[in-house]
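Engineer: Let's have the full structure, built from the sequences with the hints guiding it.
If you're matching them up, the sequences are chains A and B in order.
Numbering-wise, the working numbering puts 336 at position 142 of the first sequence, and it's gapless, one number per residue.
Numbering-wise, the working numbering puts 286 at position 285 of the second sequence, and it's gapless, one number per residue.
As a list, the in silico EDC-like pairs of lysine to aspartate or glutamate whose alpha-carbon atoms are at most 20 Å apart:
#1 Lys434(B) to Glu379(B)
#2 Lys221(B) to Glu408(A)
#3 Lys221(B) to Asp393(B)
#4 Lys119(B) to Glu275(A)
#5 Lys221(B) to Asp593(A)
Ranges between beta-carbon positions, derived for each pair:
#6 Ser133(B) to Glu408(A): 37 to 47 Å
#7 Gly264(B) to Asp367(A): 19 to 29 Å
#8 Ala435(B) to Asp306(A): 17 to 27 Å
#9 Arg455(A) to Ala435(B): 31 to 41 Å
#10 Arg14(B) to Glu279(A): 52 to 62 Å
#11 Glu408(A) to Ala55(B): 55 to 65 Å
Think of the hints as simulated: they come from the structure by calculation, not from any bench.
A virtual CB, placed ideally from N, CA and C, is assigned to each residue, including glycine.
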Amino acid sequence: MIAQLVELARRRADGGADALWRRFERTTVAFEWGRLKSAGITEEAGANLRVRHRGRVGVAGTTATDAAPDELVGRALASAELGEELDLAFPAHAPLPSLTTFFDRAANASLDEVIAIGRSLLARLEREGCRVNVAIERETTATRVANTAGAGGEYRGTGFGVSADVWRIAGDDVLVVSDAFEGADLPSDAALAALVASINARLDHALRVVAPPEGALPVVFTPAGLSALLLPVTQALSGKAVLQGISPLGAKVGEQVFDLRVSLSDDPLRVGRTASRPLDDECVPSRTTCLVKRGVVQRFIYDLETAARAKTESTGHGTRGIFGKPVPAYTNIVLNDAGAQHAAPPQLGGGLLGDIRDGLLVDDLIGVGQGNVTGGAFSHPVALAYRIERGEIAGRVKDAAVAGNAYELWKRVGGFGNDARWTGSRCAPSVLFEGVSVARR
Amino acid sequence: MIDRLTAALSRSRADYTEIRVERTWSTAVTFRGRRLESATASEDQGGFVRALHAGGGWGVASFTSLDRLDAMVARAGELSRAVPVDPPIRLGDVPSHQADALLDLDGDVRGVPIAEKKRLLEAYNGAMLGVSDRIVDTLAVYRDEVSEYWYVNSQGTILHELRPDVTLSGTAVARRDGTIEKGLESIGMRRGWHSVQDKAAGFRAVAERAVALLDAPTVKGGTYPVILDPELAGVFIHEAFGHLSEADFVYENPQAREMMTLGRRFGKPVLNVGDNGAAPGLRGTLPFDDEGTPTRDTTLIKEGILVGRLHSRETAAAMGEQPTGNARAISFRHAPIVRMTNTYIAGAPGGGNFEDLIGDVKLGVYACGAFGGQTMLENFSFTAAYGRMIRDGRVAELVKDVVLAGNLFQTLDRIDHIAADFHWNQMGGGCGKAGQFPLPVTEGAPHVRIEEALVGGDVGGAGEAGGP
Chain A
195 MIAQLVELAR
205 RRADGGADAL
215 WRRFERTTVA
225 FEWGRLKSAG
235 ITEEAGANLR
245 VRHRGRVGVA
255 GTTATDAAPD
265 ELVGRALASA
275 ELGEELDLAF
285 PAHAPLPSLT
295 TFFDRAANAS
305 LDEVIAIGRS
315 LLARLEREGC
325 RVNVAIERET
335 TATRVANTAG
345 AGGEYRGTGF
355 GVSADVWRIA
365 GDDVLVVSDA
375 FEGADLPSDA
385 ALAALVASIN
395 ARLDHALRVV
405 APPEGALPVV
415 FTPAGLSALL
425 LPVTQALSGK
435 AVLQGISPLG
445 AKVGEQVFDL
455 RVSLSDDPLR
465 VGRTASRPLD
475 DECVPSRTTC
485 LVKRGVVQRF
495 IYDLETAARA
505 KTESTGHGTR
515 GIFGKPVPAY
525 TNIVLNDAGA
535 QHAAPPQLGG
545 GLLGDIRDGL
555 LVDDLIGVGQ
565 GNVTGGAFSH
575 PVALAYRIER
585 GEIAGRVKDA
595 AVAGNAYELW
605 KRVGGFGNDA
615 RWTGSRCAPS
625 VLFEGVSVAR
635 R
Chain B
2 MIDRLTAALS
12 RSRADYTEIR
22 VERTWSTAVT
32 FRGRRLESAT
42 ASEDQGGFVR
52 ALHAGGGWGV
62 ASFTSLDRLD
72 AMVARAGELS
82 RAVPVDPPIR
92 LGDVPSHQAD
102 ALLDLDGDVR
112 GVPIAEKKRL
122 LEAYNGAMLG
132 VSDRIVDTLA
142 VYRDEVSEYW
152 YVNSQGTILH
162 ELRPDVTLSG
172 TAVARRDGTI
182 EKGLESIGMR
192 RGWHSVQDKA
202 AGFRAVAERA
212 VALLDAPTVK
222 GGTYPVILDP
232 ELAGVFIHEA
242 FGHLSEADFV
252 YENPQAREMM
262 TLGRRFGKPV
272 LNVGDNGAAP
282 GLRGTLPFDD
292 EGTPTRDTTL
302 IKEGILVGRL
312 HSRETAAAMG
322 EQPTGNARAI
332 SFRHAPIVRM
342 TNTYIAGAPG
352 GGNFEDLIGD
362 VKLGVYACGA
372 FGGQTMLENF
382 SFTAAYGRMI
392 RDGRVAELVK
402 DVVLAGNLFQ
412 TLDRIDHIAA
422 DFHWNQMGGG
432 CGKAGQFPLP
442 VTEGAPHVRI
452 EEALVGGDVG
462 GAGEAGGP
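Structural biologist: Below, the structure is given as structure tokens:
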């Protein structure tokens, strides 16, 4: 369908076109409150077309892929009539990196095998007074992209996700501890064991509730808890934020604004990650983008449109769904590439707790992403956090909040943990920051 | 279409089968600053099948190609048989309904050229930009859709509906040197083109407020008597309490069930809370939910006591209660789950107005509008759009960074005064749960007073200043 679509668009749009066609099949199994509850399948296909006509750009999408492609081209042209003028150049053909994105074991896993993974997790997570939810998802995708300048590509992919959450409600105290595996291949036994160990360790330490500390204190953020500190940075490193003039890093390329030990990259070529791909959704070949190197800002991410506006090149971050136009988005974000280990479950805190007399270990915060994120200031109540006393975890704290400015804190990092791991599409270790404001409620 | 669906149903070998098909036409226009960012028209279509064999779990299939309908009905049946469930899933009784419910489109958006929608939004966006040269950026979004909807189940229910939805939102960003403030306008209705005319004043007002906030001090953190305006009170009751009243949270979790035992006191006698999926003309309103159950007004808290909860057919049967018409799905891509519709704190007859709530407040905070909110069960955090101090019973200076955080049970119990000035907040956006976002919902409330609540933008005083 895509070749026909691009050909039709070429005839009617004088400035070229590009298109994405994607089909996916997803199998899901859900265990609710400790028992198998449902199994499902999703089959979806759709196409997204962008045209440039008389200097203006328009887009249209459809899941009615059996409809005449003429109709989709017509809608894209109607959208372009209203569109703003944009000097958008579709990239020419270029060689693609070779990358494995499809794993037979994940694609061929039977429903019974998927259910068995869930049952084995349930059995290992069940405990007195708790209820467990487990959800498993397996996806296979086929993607084709093409443009009128002769570039294009196609690839198949697999994805496998396993998430578990353990609920413990005692009176009005609600405790939820969760973790997830996400990868392109079936999880190994070691990966599942690590998931169980991670939940159990955090649950064991959470059973005892202690008073929160107060003041400017050393705080360790776990790989999951690090979101509040990384989100402002990744938002500020998006070319879109730079173009809008709202990025505090917009004029800082080449300057050292982070601790010398901080490096950050985006890597679409990481084997085994679901976000990995040989080319982006706008036909630009994938490559690793170094965002921050030894504390110095290197570059921002761009798709074709933001690159055209910024008079620079796309970094291969064009991402599009079936509806709407492409946007620049990260693939796999890696902080201080040390390689994630799943073999031996690491210690909670990544070995950073030993020297802390009194402080906090933060695993989950409430409200991350709300408010003026890009500015760097944050203030969040804790959802799951522990008090550290004399180098040991003393127990869970409730009714505490942490606050600070991400940019100030990243200037001087207290230490990086030895527990780098993937949480979703981000790989990071635990990080210790000094002088984070901790308040009791 | 109905014939095609009932024919597919008749071939199902499951004990219970339901099929939904949706065809949705939508347009979206976005302005950022003076620049039109996009204007698109989309067509989305697909189907959803759910099947249940005696002793089996739910077998579910969703698909975009309607040619696959029969295959998907068969597949859902197989999946149900593949997941044995003990004790079995039962469904609460709902009489079968046959209805052709075509909601009032109030100016069918499908007949309005997209260029006209662009002109409307451009005017509202211009109203924000025109306020001051301090407004450095705006984001304005117009979105409409009409969804044609078919639902059949093997118990004889046959529904055909036309569901409109139209939303407008505007964000105005004001900047002076390093200080950035924003104002947010949001309008949403289950209606059509006529209902979104003449709305420029609201867009202008939020831009003016963003500029005013540049000079406003950050609220001093601490505990205060806090008056919530109807918008924030509505968001609060939805986020902090509403989700706990969704029965899928409690029905198979004994500890949660105990926490949410009917008859438990949640607040003072002045507090009355409910969810009304049948209230006319609101975004959360539909004649039937996505299991074919008629919607209705369900009282959740009556005079401070928990008296009800929101159900699907499955949760109702499991708890020996009645289905309430709250099983909803955002689209054919998802199974219906227990959701809110139009959730409200009822106005207190004789509760007076806003002035009556602040008359005896020496020092307090009037928290208005909502930039966002999140709850982790009993803990919540909400960011108000802006606030005003209350001094000696009067509204005083504008303040910013008003964040309310606290414990749900304590906070509900500290609601000591509710005004009579109830209204529905007809906003866009929507509610998210279990990966299903945005679901159109509405919230409503009068002014509400909390006798003591923690307010703070900056909890510790450190790290506010600075930058890279």
